[in-house]
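Visitor: These protein sequence lines map, in sequence, to chains A and B.
If you read the first sequence in UniProt numbering, its first letter stands for residue 1, the second for the next number, and so on.
If you read the second sequence in UniProt numbering, its first letter stands for residue 1, the second for the next number, and so on.
Incorrect hints may appear among the rest.
[Said to hold, decoys possible] The calculated DSSO-like cross-link candidates involving lysine-lysine, where the alpha carbons are at most 30 angstroms apart (straight line), are:
1. Lys91/A with Lys172/B
2. Lys185/B with Lys188/A
3. Lys172/B with Lys241/B
4. Lys182/A with Lys167/B
5. Lys95/A with Lys143/A
6. Lys182/A with Lys172/B
7. Lys146/B with Lys91/A
8. Lys167/B with Lys241/B
9. Lys241/B with Lys289/B
In case anyone wonders, no lab produced these hints; they're calculated from the structure.
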Amino acid sequence: MGLGSKTTLQFHPSTATVSARIHPVVLFNICDCYVRRPDQAERVIGTLLGSVSTDGTIEIKNSYAVPHNESADQVALDIDYHHTLYASHQKVNPKEVIVGWYSTGCDVSGGSALIHEFYSREVANPVHLTVDTGFTNGEASIKAYVSFNLSLGDRPLAAQFNEIPLDLRMIEAERVGFDILKMAVMDKLPNDLEGMEATMERLYTLIDDVYKYVDDVVEGRLAPDNNIGRFIADTLSSFPKISPAAFDKVFNDRVQDNYALAYLSSLTRTQLAIAEKLNTAAQVL
Amino acid sequence: MARSFLQAVATEEVAPPLRVVQMEGVAVLKVIKHCKEFSPALVTGQLLGLDVGSVLEVTNCFPFPIREEDDENEADGANYQLEMMRCLREVNVDNNTVGWYQSTLLGSYQTVELIETFMNYQENIRRCVCIIYDPSRSNHGVLALKALKLTDSFMDLYRHNNFTGEKLREKKLSWVDIFEEIPIKVSNSALISAFMTELEPDSPVLQCDLDRLKLTTAPFMERNLEFLIECMDDLSSEQNKFQYYYRNLSRQQSQQQTWLQKRRTENMARKAAGEEPLPEEDPSNSIFKPIPEPSRLDSYLITNQVANYCNQINGAAGQSFCRLYLTKALHEK
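Extracted from the complex, chain B is given alone in its bound form (with noise of 0.2 angstroms):
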């Protein structure tokens, strides 16, 4: 039996979960140069595609501006981004935002400011992914492209503000469990991959390999473990805000029951004098006011990027030791 449009569409209900972002070579291409034009300026723009089932096709995308500090400009950005999708959709390019790209800076890029951000998509587009890029990397032959969402625990978490250590607890939401990762693949149309057969140079030595090849690391080893450092900092730092409350927290109860201990013998006391006993409880006593627990977010985003940095070094160092082996190699030749 066919089922009509509208029946199909009623029963697609349950979205079935992303898997992959398939990215077109110009898409890619685009990110890449806008990223790298900037780099160390930090640029984001926008993505454009389809979303089909469990993949998300990332078909074109265009640059944002560089944003100032102004009320008035804000207006301007959004006209300009309408402006836009206006422009391409008259030349057939897709009309449908699929999320946001940005540069980042040896991967520092687990702030709030992503988070939000990816809320205020989320808000209006159900499926919507980040593509991050790191320009510094891609010095090193690297092609740091990522593609980023939030996992949907952690946004029903965010969305009620909800970083008590209990509620973390229950959900079972670890620092790893805040952003996910999605796989891209990249595609092309059969023209480009034509011309780019056509295209590609028969020298067997390439840009990247030369890249790959250098044998200087030290600056960005030493940036990353620059960066690692701050945010060890950062993170003893919270650590320490939490020690604060615990001892306050663990003070305060051992206050408690000290005070209820005394009520206790106090009401013993008017028990075997004939009096009603007093409420074990009172409000009104500073010692019952409750401590605010310190919000774990801040903890967990510098966690993630402290793995990051860790991840990083580990693989530069990788990649350090294949080529001082083949120096030895070859100088030993």
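Looking at chain A on its own, in the form it has when it is part of the complex (with noise of 0.2 angstroms):
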């Protein structure tokens, strides 16, 4: 930098994105056009849809693939496909917008600058999300960037991706079930008690577990840990304190309400059964 002082390297950090959070479907959008792939390509990208709130998180929601051609040194978009995808999506829902975009692979490569480029004008602080579908480092890493401008001046020098923390915890994943989302091949659909079932169990061993830690603690088999007493003192004084009888109470309510319930749903099917019997035989006139 012995230009003189005139010449300075600036450095234009785009307001600070916080977070993003990435909805599953989005994933499984992206895994599923990957192994659809055209026969030469490397990689798939596309367009990724969602909102910025307030607080400057971006929910990543919804996405599409867009078709490309990339050589060794230039990268062709189908522009006109984003666009036409991107009304379609805005009919359905007209709140999610661009965000950014996608690609799978590992890292960002020269061509990801120039398409970054090209969604920058679609939407100011693109997101970059990449998806090793390849398990380069035998993980399923899956990164977030957003990308900031170095200039010499008013040149533009280089674009540097920062990484951004990306929230993996997918809470729409886990309603519906990781058995149903992470198995090759699954048979049959949970009923209700089923669910109910698979959580009691799950509830026991947790309980198990903390009386096990307990046990091992009080006997001196374990080193106390002062936080996990705490967690474990909070979740028992959450319980209400009820006296037996006014629980009683409450508890046999629930269960004749319920009682009710079930009795009055088995006659309303008897009495469509009768009905069922009686019009047959009216029809026999």
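Make one complex out of these two single chains by using the hints.
Guide: As structure tokens, this is what we get:
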């Protein structure tokens, strides 16, 4: 930098993006597109849709693949395709806007900078999501980046991709159940009671674990950890203290309500069966 | 001997019955996302996939925009659909419609509209299915996803619009035989299953567990009961219609009998007097006009809904019992 005091290396930090959150459907879509990619294609890229919340968190809620061609030094993106599909998505959900783009593979390449530039024209501060479908490092790395422009005077010099924290805890996927999403083939969807059973079993093992831990600590086999102790105390105190009589009353009332409901529904079903028989009998006039 | 493709196609006349709907995880999630985001508005979308023997594969889907009551928009909707299919084909998504999905509120989907949509689809594609998702139930940790189709015998009757008691009896079609639920299988690509296994959180408690253990079921039960009561009212009014019809019918029959009796005695008298007997039928007489029988379709559908509500109440009550006894056990500790 010995050119004189006039030249300054400028660093344009865009408004700081705090973090990004990804909806499982995006990941599923990306993987599906990757599996279905054209013969010669090395990677798939596409547009990410979502919203930016007030605290700067980018919610990535949807995505679609955009066909592209890549050679050694240039990238051709099907911009028409991108625009048509974006318009179609807007018709369904106008609240989802472009927030960035994704690519499979594990790092940011030269071509990525070009594509990123294109998306910067679509939206300010696009996020770039990379999904390592090749498991290059032996793990599923999913990363989000934003880019900063480095310029020398007025001349753009380079773009720097900075990784931002990405929240991968997918509540939506947990709701559906990981069992369904991670198995290659799941023969049957769990029904109400089966799901309940699994949950109860998990709760049971949790309680067992806590018991074991407390016993171990009491008997001196484990070093006590104050934080865990506080957690347990908090959990126990969150249990409302009700006198046994009051609890019995509440409990019995609820049980009876449920019995009444179950009875009513069985009664209705019986009624339906009778009505059907009567109707068929009435038809034989 | 190797058969030519043409021969193979020609011999494939009898299609095996549809046994399983195999959904890809991506389709499941897309359906759920769309239905949930717009809940409580009811939304629909198209299912894409392949028809492989007795398995119908649903590999992808796309949502329809919320329809407005406008003629113009209808053309718009068709355009949207074509455009979407074209775009998806370009990225190698299966470009074959296999049915549609829709969201529902507490499982109140058994309507004439659904049947009509189904018949429309059925005209164009031989094998189609309707996936129903209920966002209201998913808050209780239940994956309320169902695949439905109309039974063949019902479709036959519906095409001829023939819902008289006699026809139904002839076909032995009762209300349970309108819809056929097809078991859903979920499949995922190896890539996805690798990712999900990696990403599954270590924490032993998942969101669905928390949802399932929620003690408040009152609003859900109340709505269910409300709907049930409404349906019962509808059903009883349908029943009244039939009673009215049968009363009219029997009155007409007795009128016909008395008329016939009279005519016969008159004829006897005429015979004795050597005159020609009068015909024993008189189409001009109003009592011989057949009374139209009301269609049983509505009452069948309502019965289906009632049965559905009953099932839901029963299921929820069962879950509730589990939770209550669990709370009790915890409390006693």
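Visitor: Under the criterion that the straight-line Cα-Cα distance not exceed 30 angstroms, is the pair Lys182/A, Lys172/B satisfied?
Guide: The hint is violated at about 43 angstroms.
Visitor: Are the Cα atoms of Lys241/B and Lys289/B separated by 30 angstroms or less?
Guide: Measuring from Cα to Cα gives roughly 19 angstroms; hence the hint holds.
Visitor: Has the given pair, Lys172/B with Lys241/B, been kept, meaning a C-alpha gap of at most 30 angstroms?
Guide: 22 angstroms, holds
Visitor: Within a Cα-Cα threshold of 30 angstroms, do Lys91/A and Lys172/B meet the stated pairing?
Guide: Outside the cut-off at roughly 46 angstroms; violated.
Visitor: Between Lys95/A and Lys143/A, is the straight-line Cα distance small enough, at 30 angstroms or below?
Guide: 24 angstroms, holds
Visitor: Quick one, are Lys182/A and Lys167/B close enough, alpha carbons at most 30 angstroms?
Guide: 48 angstroms, violated
Visitor: Compare the distance between the alpha carbons of Lys167/B and Lys241/B with 30 angstroms, and conclude whether the hinted pair is satisfied.
Guide: Since the Cα atoms of Lys167/B and Lys241/B sit roughly 18 angstroms apart, the hinted pair holds (cutoff 30 angstroms).
Visitor: Is Lys185/B close enough to Lys188/A, meaning Cα to Cα at most 30 angstroms?
Guide: Holds. Lys185/B to Lys188/A sits at ~5 angstroms (cutoff 30 angstroms).
Visitor: Are the Cα atoms of Lys146/B and Lys91/A separated by 30 angstroms or less?
Guide: 27 angstroms, holds
In this structure, the earlier hints numbered 1, 4 and 6 are contradicted, and the remaining ones agree with it.
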